[in-house]
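Asker: Residue strings, one per chain:
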Amino acid sequence: MSERSILIMPCSGMGKPFGTIARDATFRVVDEMRKGRAETNCLSLVVMGDEAAKKQVKESKCIAVDGCPLECSRKNIEIAGGCIAAHFRVMDLLRENRELRPRQVTFLDDDGIRLSEILAEKIAVKVDELGGERP
Amino acid sequence: MIRPKIGVVSCSGECCSLGTLSRIATRRVLEDLQAGETVTICLPLFLAGDSGERLFATNFPTVAVDGCHKLCATKAIKRYSGETAATVDVEGLLEEWGTEAPASRRVITPGDMPLINKVARAISEKVDEIKGAPDA
Numbered sequence: 001m002s003e004r005s006i007l008i009m010p011c012s013g014m015g016k017p018f019g020t021i022a023r024d025a026t027f028r029v030v031d032e033m034r035k036g037r038a039e040t041n042c043l044s045l046v047v048m049g050d051e052a053a054k055k056q057v058k059e060s061k062c063i064a065v066d067g068c069p070l071e072c073s074r075k076n077i078e079i080a081g082g083c084i085a086a087h088f089r090v091m092d093l094l095r096e097n098r099e100l101r102p103r104q105v106t107f108l109d110d111d112g113i114r115l116s117e118i119l120a121e122k123i124a125v126k127v128d129e130l131g132g133e134r135p
Numbered sequence: 001m002i003r004p005k006i007g008v009v010s011c012s013g014e015c016c017s018l019g020t021l022s023r024i025a026t027r028r029v030l031e032d033l034q035a036g037e038t039v040t041i042c043l044p045l046f047l048a049g050d051s052g053e054r055l056f057a058t059n060f061p062t063v064a065v066d067g068c069h070k071l072c073a074t075k076a077i078k079r080y081s082g083e084t085a086a087t088v089d090v091e092g093l094l095e096e097w098g099t100e101a102p103a104s105r106r107v108i109t110p111g112d113m114p115l116i117n118k119v120a121r122a123i124s125e126k127v128d129e130i131k132g133a134p135d136a
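Respectively, the protein sequence lines represent chains W and U. The letter at position 116 of the first sequence is residue 116 when you use my numbering, and the numbering goes up by one with no holes. The letter at position 7 of the second sequence is residue 7 when you use my numbering, and the numbering goes up by one with no holes.
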């Protein structure tokens with residue numbers, strides 16, 4: 001098992017449902033599915049230079065969860081000096097599940113919830129692969 | 001005459017439910033209370049260096065909606081695009097109102113909605129102030 005903790009950082013983009021899906025899936029993993037084995041923190045806090053948050057990013061295996069192809073989570077983790085151990089994009093998930101068409105941003109609709117569940121399963125498997133220990 | 005849009009920038013902080021509260025209240029403003037008058041700036045995109053988002057915040061008034069006293073959205077806009085027209089410190093509002101934040105950062109219950117609507121109205125008031133300013 002690795003001694004480094006696992007940090008999952010969603011983009012939480014505001015303009016489209018994809019950021020909400022990334023955010024919701026991350027919370028499913030850190031609060032329920034792999035509670036105590038992975039954690040999250042504020043992406044903006046990391047980028048704005050909070051010392052504790054930056055230290056956490058640098059000392060963790062980071063999983064970036066991006067809604068759209070602009071990959072803001074991955075880019076911002078790298079700006080903060082973090083190492084990307086895994087990267088997920090909701091857009092890739094949409095290509096694999098073309099029957100699902102999420103439309104709601106504020107509160108996910110049924111298709112958005114289903115995509116969040118699928119994404120959370122994939123992230124949880126990755127946490128296991130990375131050997132997530134209690135932070 | 002085309003009225004200039006006002007940017008509303010939510011922190012969406014992932015560490016606690018204050019970020020969720022800020023985010024949903026901001027969406028209420030965009031979709032309902034100030035629909036057509038406001039646009040959102042995607043903070044992660046802004047932070048990652050997107051020139052379009054930063055140029056908008058330089059040229060148009062912005063309201064930063066920060067979940068906690070760390071004020072990441074306000075500081076980010078100030079650093080890259082200049083002063084915000086207004087800041088809503090949601091944690092500060094809750095302290096003023098003597099109210100607790102939602103229990104979950106993921107699951108918002110019907111019981112959370114009055115607080116979300118109250119925060120949304122506070123944001124909307126800031127937008128109204130900006131619209132009413134002489135140079136708006």
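No lab work stands behind these hints, which were simulated from the structure alone. Source: prediction; values computed, not measured. There could be a bad hint or two in this list.
What the hints assert, rightly or not - Label-pair ranges, simulated between beta-carbon atoms:
id : chain 1 : residue 1 : chain 2 : residue 2 : range
1  : U       : Arg121    : W       : Cys83     : 39 to 49 Å
2  : W       : Arg101    : U       : Ala35     : 21 to 31 Å
3  : W       : Asp31     : U       : Gly92     : 37 to 47 Å
4  : U       : Glu125    : W       : Arg101    : 30 to 40 Å
5  : W       : Asp110    : U       : Asn117    : 16 to 26 Å
6  : U       : Glu125    : W       : Lys122    : 22 to 32 Å
7  : W       : Glu32     : U       : Glu125    : 35 to 45 Å
Said to hold, decoys possible - In silico DSS-like pairs for lysine-lysine, Cα to Cα no more than 25 Å straight-line:
id : chain 1 : residue 1 : chain 2 : residue 2
8  : U       : Lys70     : W       : Lys58
9  : U       : Lys118    : U       : Lys70
10 : W       : Lys55     : U       : Lys118
11 : U       : Lys75     : W       : Lys58
Each residue gets a CB set at the ideal place from its N, CA and C atoms; glycine is no exception.
Asker: Evaluate each hint against the coordinates.
Answerer: Structure-based check of all given hints:
1. U/Arg121 x W/Cys83: 39 to 49 Å: holds (43 Å)
2. W/Arg101 x U/Ala35: 21 to 31 Å: About 23 Å separates the Cβ atoms of W/Arg101 and U/Ala35, which means 21 to 31 Å holds.
3. W/Asp31 x U/Gly92: 37 to 47 Å: violated (26 Å)
4. U/Glu125 x W/Arg101: 30 to 40 Å: holds (36 Å)
5. W/Asp110 x U/Asn117: 16 to 26 Å: Between W/Asp110 and U/Asn117, where Cβ atoms are some 24 Å apart, the hint holds.
6. U/Glu125 x W/Lys122: 22 to 32 Å: violated (42 Å)
7. W/Glu32 x U/Glu125: 35 to 45 Å: holds (36 Å)
8. U/Lys70 x W/Lys58: holds (21 Å)
9. U/Lys118 x U/Lys70: holds (21 Å)
10. W/Lys55 x U/Lys118: Outside the cut-off at roughly 36 Å; violated.
11. U/Lys75 x W/Lys58: Cα-Cα ~22 Å, so holds.
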